[in-house]
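Chemist: Residues per chain are reported as follows:
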Amino acid sequence: MKLAISSHDGKLDTQFSSRFGRCNYFIFFDTETRSNEAKPNPAADARGGAGPQAVQFLNNNGIEATITGRYGPNAFSALEAAGIQAYEADEGTPDELLDRFLAGDLKRVDSATGPELHHKKR
Amino acid sequence: MIIAISSGKGGTGKTTVATSLAMALSESGRLVSCLDCDVEGPNAHIFLRPVLDQRKPVNLLIPEVDADLCTGCGRCAEVCQFHAIVVLGTKTLVFPELCHGCGSCALVCPENAITEIPKSLGVLEKGPAIGGINFAHGVLNVGQPMAVPVITQLKSWQNLSATGTVILDSPPGASCPVVESLRGADFVILVTEPTPFGLHDLRLAVQLTRELNIPAGVIVNRDGIGDTSVDGFCREAGLPILMRIPFARRIGEGIAQGKLLVEIDPVYINRFQLLYDQIERLINGKGDEK
Chain A
1 MKLAISSHDG KLDTQFSSRF GRCNYFIFFD TETRSNEAKP NPAADARGGA GPQAVQFLNN
61 NGIEATITGR YGPNAFSALE AAGIQAYEAD EGTPDELLDR FLAGDLKRVD SATGPELHHK
121 KR
Chain B
1 MIIAISSGKG GTGKTTVATS LAMALSESGR LVSCLDCDVE GPNAHIFLRP VLDQRKPVNL
61 LIPEVDADLC TGCGRCAEVC QFHAIVVLGT KTLVFPELCH GCGSCALVCP ENAITEIPKS
121 LGVLEKGPAI GGINFAHGVL NVGQPMAVPV ITQLKSWQNL SATGTVILDS PPGASCPVVE
181 SLRGADFVIL VTEPTPFGLH DLRLAVQLTR ELNIPAGVIV NRDGIGDTSV DGFCREAGLP
241 ILMRIPFARR IGEGIAQGKL LVEIDPVYIN RFQLLYDQIE RLINGKGDEK
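Just so you know, the protein sequences line up as chains A and B, in that order. Residues in the first sequence are numbered from 1 upward in steps of one, following this note's numbering. Residues in the second sequence are numbered from 1 upward in steps of one, following this note's numbering.
Wrong hints could be hidden among the right ones.
What the hints assert, rightly or not - Using 20 Å as the maximum straight-line C-alpha spacing, the simulated SDA-like pairs for lysine to any residue come out as follows:
#, chain 1, residue 1, chain 2, residue 2
1, A, Lys2, B, Gly89
2, B, Lys91, A, Gly69
3, B, Lys91, B, Ala67
4, B, Lys56, B, Asn141
5, B, Lys91, A, Lys11
6, A, Lys11, A, Glu80
7, B, Lys91, A, Ser77
8, B, Lys119, B, Ala174
9, B, Lys119, B, Gln153
10, B, Lys91, A, Gly92
11, B, Lys91, A, Gln85
12, B, Lys91, A, Glu80
13, B, Lys91, A, Asp90
14, B, Lys91, A, Ile84
15, B, Lys91, A, Asn60
16, B, Lys119, A, Glu91
17, A, Lys11, A, Gly92
Just so you know, the hints here were simulated from the structure itself, not pulled from any lab data. All figures in this text were calculated on a predicted structure; none of them were measured in a lab.
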């Protein structure tokens, strides 16, 4: 399975980023082989709509599941439409989070949990 | 001539200045329009007491995707600067609250699968106010984040170039709605208060007027409070201080009763007329330099 974890700096051994749409990097993991690659998030500096743009990016890269801190409403509905599984974590390095993901230790979310940023949804 | 009244900080007296300037110019026999561009919290009408006898809804055209025609090619998502439309596999998703209504998605769709549906943003209202002022304002729907299209449509509804002297009462701040309000103005009056807070936000507002290349001057309101840092800044920045309105109980009480500054103290009729003359000279002076 292809998994994306939000990250500040693209490293495996530092705290992950709890922001979804505007994290600096996503670390793409192949969960079977643990092979990975840090990809700059093209939505990090988006003027608006960072959540949907980040999902578009993950979707274009064939990502099937994602781990971050919180999902805003726009990001969540895009993930849902894309059929990407959304998992939440409070803390951990991408390496640790992959282990916890494989152990079935992370919470899968089924609704938006984060704040609505910049543009308010009615 | 189009004069915009702006400020970085909120509550400095933009509306106080805009309404009294409009009234003073009207008294001097000019044809005056006053547009309240603070569509998130319009209140100039409280002072100018217009009869708002014309209304026009403001809509934004939001894309609607026909799933049967959409092939998921993704062209719409590529052109959308605000990521209000995304294509995920075969699903095309629209986020109406992110959409700025530019219409690019509908234009590039090779399948003509996108129809633009009007979404209500607010309303424009206009009518004659006291002193024969042509008054107009925009009112943004509550909960609606997109002020700019309301301001754009307000300014085009009033046909600014054809209406003598125009006073634009801008929203506070230095972001998109302010830029949209100031665009096309010949001069900006920045109303500030002489405090560290006022100075901080005045700096931002000055940067914006420079970015937009519009000449500006300052009115110091509540003069006498705070410190002298605003004066120092204006001197260094070469910004003329056009007027000082003292921090006086009588003025505060009058404003609190919904009176215009020129009604509270008629001496301001003449002061605002002189201010207008000074602005004309400043603009003409600037013209010579170029």
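Chemist: Starting from the hint list further up, note which numbers the structure goes against and sort them upward.
Modeler: 2, 5, 6, 8, 10, 13, 16
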